[in-house]
Amino acid sequence: MQLHALPALSDNYIWLVRSATGVLVVDPGDAAPVLHAADAGGFAVDAVLLTHHHHDHIGGAARLRARWPSIAVLAPDDERIEVATQRVADGDSVRAAGLHFDVIAVPGHTTSHVAFFHDGPAERLLFCGDTLFSLGCGRLFEGSAAQMHDSLSRLAALPASTRVCCGHEYTLSNAAFARVVDPDNQALRRRTEKAQAMRDQARPTLPSTIADERACNPFLRCGEPAVVAAVERHVGQPLADATAVFAGLRRWKDGFAA
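Just so we're aligned, residue 1 is where the sequence shown starts under UniProt numbering, counting upward by one.
If you are wondering where the hints come from, they were derived from the structure by calculation, not from laboratory data. Only a predicted model underlies this, so the values are computations on that prediction, with no experimental measurement involved.
Label pairs and their computed distance ranges (CB to CB):
hint, residue 1, residue 2, range
1, ASP77, ARG251, 27 to 35 Å
2, PHE43, ALA160, 27 to 35 Å
3, GLY120, ALA146, 26 to 34 Å
4, ARG233, SER93, 41 to 49 Å
5, VAL235, ALA44, 47 to 55 Å
6, PRO183, GLN237, 15 to 23 Å
7, VAL235, ASP77, 34 to 42 Å
8, ALA122, SER93, 13 to 21 Å
The beta carbon of each residue, even a glycine, is placed where N, CA and C say it ideally should be.
Make the full structure from the sequences, and use the hints.
As structure tokens, then:
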């Protein structure tokens with residue numbers, strides 16, 4: 001299996017997966033990078049996975065269907081995604097380009113957001129859109145803090161080796177915030193240094209892994225004493241539980257400027 005992160009728009013990634021059984025793309029906000037890759041590689045796209053309705057994740061899907069009319073487009077049950085050929089929901093098991101995926105509902109960034117998890121014999125892949133980022137998480141545009149915290153907890157429970165394929169190159173900006181929250185975290189320091197070296201070479205910092213995120217991402221560490229203490233200091237009061245810590249952390253990040 002070959003996994004490629006195609007840069008798109010200002011800081012998006014479109015994920016391209018080539019296997020022995022087909023080719024799929026995830027969240028094509030712009031068709032041009034996919035069409036260029038297909039023309040250069042001499043392949044056709046068999047399926048598209050869409051995680052949520054935002055235009056920078058679905059904007060190129062109609063053009064891909066125009067190029068390949070038989071393409072399958074799997075998307076959440078959301079009328080705002082008109083290009084879908086198959087609707088998916090939490091707990092579904094689906095096949096796309098010959099690969100099996102479990103669908104996980106992850107509301108928070110949007111109410112209908114889903115993630116696609118491939119638990120293959122040689123590769124575990126998570127396509128999580130704008131829910132889980134490397135060292136961060138998505139903004140709460142439609143859902144609640146409780147929903148997003150629950151969604152992230154579900155993703156954090158996936159196997160440690162799972163490769164996290166998210167929708168944006170936000171690692172360094174997220175790292176700046178994470179190191180304010182958790183300055184003594186040595187795994188975070190090493191992850192930041194590695195990410196900086198990658199970006200210095202114009203390389204993607206993604207995919208990360210669930211193991212990386214558990215160790216470094218403050219939004220997955222809302223029960224850790226250091227993170228709890230930092231958020232309580234920031235909000236100026238004790239917080240009742242991990243969901244309250246997450247809510248305070250997300251508000252802190254919303255107003256953060258490095």
